[in-house]
Amino acid sequence: NQFHNPLNIEAHYHNTGPELANQITRYGCVDFDLPDAFVVGTGTGGTIMGCGGYLKTLWPDMKIVAVEPAESPVMSGGQPGLHGIQGIGDGSKFLVDLDFVDEVKTVKTNCAKAIAKYLALRYGLFVGISAGANVKAAFEWLRDNNKKHAFTILCDRGERYLSCL
Numbered sequence: 003n004q005f006h007n008p009l010n011i012e013a014h015y016h017n018t019g020p021e022l023a024n025q026i027t028r029y030g031c032v033d034f035d036l037p038d039a040f041v042v043g044t045g046t047g048g049t050i051m052g053c054g055g056y057l058k059t060l061w062p063d064m065k066i067v068a069v070e071p072a073e074s075p076v077m078s079g080g081q082p083g084l085h086g087i088q089g090i091g092d093g094s095k096f097l098v099d100l101d102f103v104d105e106v107k108t109v110k111t112n113c114a115k116a117i118a119k120y121l122a123l124r125y126g127l128f129v130g131i132s133a134g135a136n137v138k139a140a141f142e143w144l145r146d147n148n149k150k151h152a153f154t155i156l157c158d159r160g161e162r163y164l165s166c167l
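In my numbering, the protein residues as written are 3 to 167.
Please note that the accuracy of each hint is not assured.
As the list claims (entries may be wrong) - Below, in silico cross-link-like pairs of lysine-lysine (DSS-like), each with a Cα-Cα straight-line distance of 30 Å or less:
hint, residue 1, residue 2
1, Lys110, Lys65
2, Lys149, Lys95
3, Lys110, Lys58
4, Lys149, Lys58
Hints are computed from structural coordinates only; laboratory data are not their basis.
Bear in mind the structure is a predicted one, so any value in this text is a computation, not a measurement.
With the hints as extra help, turn the sequences into a complete structure.
Laid out in structure tokens, this is it:
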């Protein structure tokens, strides 16, 4: 019952969060002291709450930005709807505590698909549609806030979506 189980958050807090922190500080990110934002899609909410919670212990001023489909903007106050970004925007907030989230960004399905294609063709990153949504939202957040350092997760592999793309 990952959608309602608080151990989902705990697993990301103790495992994925430290892994991300290690990669941020160890691999090419030493030229800055503070990541400006952690931008990630919300399916169950475990990743944003667990990883975000851990990362906020290291960088308390870092913003937590949730990503959801524009066609199903539940966290933004809208209604659930049909969309094509599998893995996020399931029509409920589940484990997400909106008091913890600093901002919610919406991404249209067609934009998420276009970014996923671009990442594959330009950078050889064969990722899923939700990863495309995460990247799109991260770049938009950086632009909108005049910041330079956001990070996200490329959370799915692309071969599952060949028929969709």
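Open item on the list: Tell me if the straight-line CA distance from Lys149 to Lys95 falls inside 30 Å.
Closed with: holds, 27 Å
Open item on the list: With the threshold set at 30 Å, check whether the alpha-carbon distance from Lys110 to Lys65 stays at or below it.
Closed with: Roughly 22 Å separates the two Cα atoms, so the pair holds.
TODO: Decide if the proposed pair is consistent with the structure: Lys110 and Lys58, CA atoms, cutoff 30 Å inclusive.
DONE: Roughly 28 Å between the alpha carbons, so the hint for Lys110 and Lys58 holds.
TODO: Decide if the proposed pair is consistent with the structure: Lys149 and Lys58, CA atoms, cutoff 30 Å inclusive.
DONE: Holds: Lys149 and Lys58 sit about 18 Å apart, inside 30 Å.
Checked against the numbered hints listed earlier, the structure breaks none of them; every hint is satisfied.
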